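Asks: Sequence:
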Amino acid sequence: MEELLAPFRQAVREQGDLVRELREKGAPEQEVSKAAAELKSRKKTLEAKELALQPKEDTVDRVKMEDTLKRRFFYDQAFAIYGGVSGLYDFGPVGCALKNNILQVWRQHFIQEEQILEIDCTMLTPEPVLKTSGHVDKFADYMVKDAKTGECYRADHLLKAHLKKLMCEEKCSAGQVNELEDVITQMDNYAQQELADLFVKYNVKSPATGNDLTPPVSFNLMFQTSIGPGGNMPGYLRPETAQGMFLNFKRLLEFNQGKLPFAAAQIGNSFRNEISPRSGLIRVREFTMAEIEHFVDPNEKVHPKFSNVADLEIMLFSSQAQTSGQSAQMMRLGDAVEQGVINNSVLGYFIGRIYLYLIKVGLSKDKVRFRQHMENEMAHYACDCWDAESKTSYGWIEIVGCADRSCYDLSCHSRATKVPLVAEKMLKEPISFCVNVIQFEPNKSAIGMAYKKDAKLALEYLAVCDDCYISDQEKLLSETGEFSFETDGKTFKLTKDMVSVKRFQKTLHVEEIIPNVIEPSFGIGRIMYSIYEHSFHIREGDEQRTYFSFPTIVAPYKCSILPLSQNQNFVPFIHQLAEAMTRNGVSYKVDDSSGSIGRRYARSDEIGVAFGITIDFDTVNKTPHTATLRDRDSMRQIRAEITELPDIIQHLASDTLKWAEVESKYPIFEGQESSKKE
Numbered sequence: 001m002e003e004l005l006a007p008f009r010q011a012v013r014e015q016g017d018l019v020r021e022l023r024e025k026g027a028p029e030q031e032v033s034k035a036a037a038e039l040k041s042r043k044k045t046l047e048a049k050e051l052a053l054q055p056k057e058d059t060v061d062r063v064k065m066e067d068t069l070k071r072r073f074f075y076d077q078a079f080a081i082y083g084g085v086s087g088l089y090d091f092g093p094v095g096c097a098l099k100n101n102i103l104q105v106w107r108q109h110f111i112q113e114e115q116i117l118e119i120d121c122t123m124l125t126p127e128p129v130l131k132t133s134g135h136v137d138k139f140a141d142y143m144v145k146d147a148k149t150g151e152c153y154r155a156d157h158l159l160k161a162h163l164k165k166l167m168c169e170e171k172c173s174a175g176q177v178n179e180l181e182d183v184i185t186q187m188d189n190y191a192q193q194e195l196a197d198l199f200v201k202y203n204v205k206s207p208a209t210g211n212d213l214t215p216p217v218s219f220n221l222m223f224q225t226s227i228g229p230g231g232n233m234p235g236y237l238r239p240e241t242a243q244g245m246f247l248n249f250k251r252l253l254e255f256n257q258g259k260l261p262f263a264a265a266q267i268g269n270s271f272r273n274e275i276s277p278r279s280g281l282i283r284v285r286e287f288t289m290a291e292i293e294h295f296v297d298p299n300e301k302v303h304p305k306f307s308n309v310a311d312l313e314i315m316l317f318s319s320q321a322q323t324s325g326q327s328a329q330m331m332r333l334g335d336a337v338e339q340g341v342i343n344n345s346v347l348g349y350f351i352g353r354i355y356l357y358l359i360k361v362g363l364s365k366d367k368v369r370f371r372q373h374m375e376n377e378m379a380h381y382a383c384d385c386w387d388a389e390s391k392t393s394y395g396w397i398e399i400v401g402c403a404d405r406s407c408y409d410l411s412c413h414s415r416a417t418k419v420p421l422v423a424e425k426m427l428k429e430p431i432s433f434c435v436n437v438i439q440f441e442p443n444k445s446a447i448g449m450a451y452k453k454d455a456k457l458a459l460e461y462l463a464v465c466d467d468c469y470i471s472d473q474e475k476l477l478s479e480t481g482e483f484s485f486e487t488d489g490k491t492f493k494l495t496k497d498m499v500s501v502k503r504f505q506k507t508l509h510v511e512e513i514i515p516n517v518i519e520p521s522f523g524i525g526r527i528m529y530s531i532y533e534h535s536f537h538i539r540e541g542d543e544q545r546t547y548f549s550f551p552t553i554v555a556p557y558k559c560s561i562l563p564l565s566q567n568q569n570f571v572p573f574i575h576q577l578a579e580a581m582t583r584n585g586v587s588y589k590v591d592d593s594s595g596s597i598g599r600r601y602a603r604s605d606e607i608g609v610a611f612g613i614t615i616d617f618d619t620v621n622k623t624p625h626t627a628t629l630r631d632r633d634s635m636r637q638i639r640a641e642i643t644e645l646p647d648i649i650q651h652l653a654s655d656t657l658k659w660a661e662v663e664s665k666y667p668i669f670e671g672q673e674s675s676k677k678e
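Using the UniProt record's numbering, you'd call the opening residue of the sequence shown number 1 and step up by one each time.
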């Protein structure tokens, strides 16, 4: 396998070296971007080859799995009887129970363990908030429409598919293939007019009808609305849950007695108006997120509990490995932080905790990796960023992002609102100390002459800017002689004669800091889909019998109660078990239908029910009254007293008892002794 992959790895390595060389010598940004796009393309080719060469037994029968999911109503397309709406899904009883259990484990694993402050913010968000965060201006894709039917397509995806089709045509020469490949590698870098020119050049038509297409337009991926009856307050359905936590920072800090570090969390739905949603639960328009914002002193990024996860061996795909054509490597987390592969131990701690959570809820260890963002992928303000990725039939998909976002978000909202989102660092002793200060020095006269009555807005804005922002604008002033900003809906352009940057030392008695933020962000739908694929099995020797091996802690039902037949003598025992399960808080499902017990076992397995209690004639005829307990995965059964079974199930469901321990304590069931009522 490695022999076949060697030339692809070499191609990635050579391109990675070129990108590094261009950056080191300060090449023009356009040249660097072109080289980085080519590197990204070669990486995708390598990954596709790796997936194509994987062993057959490592793949899942997606068609059979999705048939099971839809037939047993794990989920289905929303508004199906009206024809459905792509990218919107309804969860049925099984999917809803699984999702709730995944979130319950998330709360226990993160919120309770880390003493995180959970909040619940509104989904409707006023436009200024998302203008400040950058979503209004930058959260967009280019879109084209069928000129006659109005059907919409994402421009880059459609162009890429069309060019690949042209490359497969016999009349396409080697030179033309190279030209088309070059266009594809640059796809992420084209501006709106450049895309429009390419659509004309390559005569791209609507794939469904062959009709002409409209020119590409920028399409914001947020759902826009207006708040209130007057229509004067534009707003959006939130594209992420994070902004609510940033805006409530001061209240949360106060709740935490003003102390850092602390973390906030939120679980809720977010919305992205995808142009062409696809791949089931992987790319949708409404989805549940679970996000954490861990606020920390930028000079104290050391987690006190890092030793708890330092010895974990995790598959890490570093940026260096990606640019050199290497594969992901198992690495001890402690070594990754010590060697600087992971930026700091706070980020390392959360990577470890994310990994443990994903394994706990049912992902396979050998199908989870953490991929580091390369330099050209990261936002300019990010210190480090890793994605937890899951290996599926669609390839490696991102399911959790874990980023060190520095102080960017709090700084942006501070500037926009003129409310300082800062923490006071608690000093061991009340001492005075000197700090290096950087601030804007505005020429009030020049600004006043240029902007008249609006000058006050500009001056107020300049007064609350943080060090990072001032340094960035100082660089712009030096390079271009000007910089621009927007506040209160007005845009200002300041030149060197209007503003300068002043640096000096200042003696302070209390240190104010803008916390850095470590942000783990979980896509619950994607995690669910990964669990489906990693847990789906076909019974050996019977292609028609499928089952999901969900861990008991997240299984939608912990137990099925299965009377051997519809004999009325079984009814009191059904009620006894059901009442005990309810008291213990254990989810269960009674299946007293007329099908054979084997068929009913198969039905329970198909929706991932972890265990099954069978009430038979030995239950009725013998004392003490006993019943069998069946394990879904092994299909082995033990026999125990009915009064004991609810507690056994409860311990199994809470993961404080293993099936092997149950088998060692109770007799293995090999068949009932009574065939009818004695």
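FYI, nobody ran anything at the bench for these hints, they're computed from the structure.
One or more of the hints may lead you astray.
Stated by the list, open to error - Here are the simulated EDC-like pairs of lysine to aspartate or glutamate, each with C-alpha atoms no more than 20 angstroms apart in a straight line: (1) K40 <-> E179; (2) K365 <-> D387; (3) K496 <-> E460; (4) K44 <-> E113; (5) K453 <-> E424; (6) K99 <-> E286; (7) K138 <-> E151; (8) K658 <-> E644; (9) K131 <-> E118; (10) K250 <-> D466; (11) K259 <-> D297; (12) K444 <-> E424; (13) K138 <-> E2; (14) K496 <-> E479; (15) K64 <-> E606; (16) K44 <-> E240; (17) K34 <-> E66; (18) K145 <-> D197; (19) K138 <-> D488; (20) K453 <-> D488; (21) K490 <-> E127; (22) K301 <-> E338; (23) K250 <-> E482; (24) K70 <-> E47; (25) K452 <-> E486; (26) K40 <-> E377; (27) K49 <-> D90; (28) K205 <-> E300; (29) K418 <-> D387; (30) K259 <-> E300; (31) K360 <-> D90; (32) K70 <-> E533; (33) K34 <-> E50; (34) K43 <-> E66; (35) K40 <-> D197; (36) K43 <-> E21; (37) K44 <-> E179; (38) K367 <-> E47.
Please read all numbers here as calculations on a predicted model, not as lab measurements.
Asks: Now tell me if each hint is right for this structure.
Replies: Each hint, compared with the structure:
With a C-alpha separation of about 17 angstroms, the suggested pairing of K40 with E179 holds against the 20 angstroms cut-off. Of the supplied pair hints, the one linking K365 and D387 holds, its CA atoms being roughly 15 angstroms apart against a limit of 20 angstroms. The straight-line distance between the Cα atoms of K496 and E460 is roughly 18 angstroms, inside the 20 angstroms bound, and the hint therefore holds. Taking the CA atoms of K44 and E113, the gap is about 38 angstroms. The hint is violated against a cut of 20 angstroms.
This hinted pair does not check out: K453 and E424 have alpha carbons roughly 35 angstroms apart, beyond 20 angstroms. As the CA atoms of K99 and E286 are separated by approximately 15 angstroms, the hinted pair is consistent with the 20 angstroms bound. Restraint check: the Cα-Cα separation between K138 and E151 comes to about 24 angstroms, which exceeds 20 angstroms; the hinted pair is violated. Distance restraint check for K658 and E644: the Cα-Cα separation of roughly 16 angstroms lies within the 20 angstroms cut-off, and the hinted pair is therefore satisfied.
For a cut-off of 20 angstroms, the pair hint linking K131 to E118 is broken: about 25 angstroms separates their Cα positions. Taken as a hint, the K250 and D466 pair is honoured in the structure, with Cα atoms around 17 angstroms apart against an allowance of 20 angstroms. The suggested pairing of K259 with D297 holds, with an alpha-carbon distance near 10 angstroms, which does not exceed 20 angstroms. Using a Cα cut-off of 20 angstroms, the hinted pair K444 and E424 is violated, with the two alpha carbons roughly 31 angstroms apart.
Restraint check: the Cα-Cα separation between K138 and E2 comes to about 41 angstroms, which exceeds 20 angstroms; the hinted pair is violated. A hinted pair counts as satisfied when its Cα atoms are at most 20 angstroms apart, and K496 with E479 qualifies at roughly 11 angstroms. The straight-line distance between the Cα atoms of K64 and E606 is roughly 12 angstroms, inside the 20 angstroms bound, and the hint therefore holds. Taking the CA atoms of K44 and E240, the gap is about 27 angstroms. The hint is violated against a cut of 20 angstroms.
Under the criterion of a C-alpha separation no larger than 20 angstroms, the hint pairing K34 with E66 is inconsistent with the structure, at around 39 angstroms. Distance restraint check for K145 and D197: the Cα-Cα separation of roughly 16 angstroms lies within the 20 angstroms cut-off, and the hinted pair is therefore satisfied. Proximity of K138 to D488 is assessed by CA-CA distance (about 19 angstroms); at most 20 angstroms being required, the pair is judged to hold. Of the pairs offered as hints, the one joining K453 and D488 holds, with about 13 angstroms between alpha carbons and a cut-off of 20 angstroms not exceeded.
Between K490 and E127, the direct Cα distance comes to roughly 14 angstroms. Compliance with the 20 angstroms bound is thereby established for this hinted pair. Only pairs whose Cα atoms come within 20 angstroms are accepted, and K301 paired with E338 is accepted, the gap being roughly 13 angstroms. A threshold of 20 angstroms between alpha carbons decides the hint, and for K250 with E482 the separation of about 33 angstroms lies outside it, so the pair is violated. A distance of roughly 30 angstroms separates the Cα atoms of K70 and E47; the hinted pair therefore is violated under the 20 angstroms criterion.
Between K452 and E486, the direct Cα distance comes to roughly 16 angstroms. Compliance with the 20 angstroms bound is thereby established for this hinted pair. At roughly 10 angstroms between alpha-carbon atoms, K40 and E377 fall within 20 angstroms of each other, so this suggested pair holds. Proximity of K49 to D90 is assessed by CA-CA distance (about 35 angstroms); at most 20 angstroms being required, the pair is judged violated. Among the hinted pairs, K205 with E300 is inconsistent with the structure: their alpha-carbon atoms are about 56 angstroms apart, more than 20 angstroms.
For the hint pairing K418 with D387, the CA-to-CA distance comes to about 33 angstroms; that exceeds 20 angstroms, so the pair is violated. Under the criterion of a C-alpha separation no larger than 20 angstroms, the hint pairing K259 with E300 is consistent with the structure, at around 13 angstroms. Between K360 and D90 the CA atoms are separated by roughly 25 angstroms; this puts the pair beyond 20 angstroms, and the hint is violated. The straight-line distance between the Cα atoms of K70 and E533 is roughly 14 angstroms, inside the 20 angstroms bound, and the hint therefore holds.
Of the supplied pair hints, the one linking K34 and E50 is violated, its CA atoms being roughly 25 angstroms apart against a limit of 20 angstroms. Between the alpha carbons of K43 and E66 the distance comes to roughly 29 angstroms, so the proposed pair goes past 20 angstroms and is violated. For the proposed pair K40 and D197, the alpha carbon gap of about 23 angstroms is over 20 angstroms, so the pair is violated. Annotation: proposed proximity of K43 to E21 holds, straight-line Cα distance about 18 angstroms (limit 20 angstroms).
Proximity of K44 to E179 is assessed by CA-CA distance (about 19 angstroms); at most 20 angstroms being required, the pair is judged to hold. Among the hinted pairs, K367 with E47 is consistent with the structure: their alpha-carbon atoms are about 14 angstroms apart, no more than 20 angstroms.
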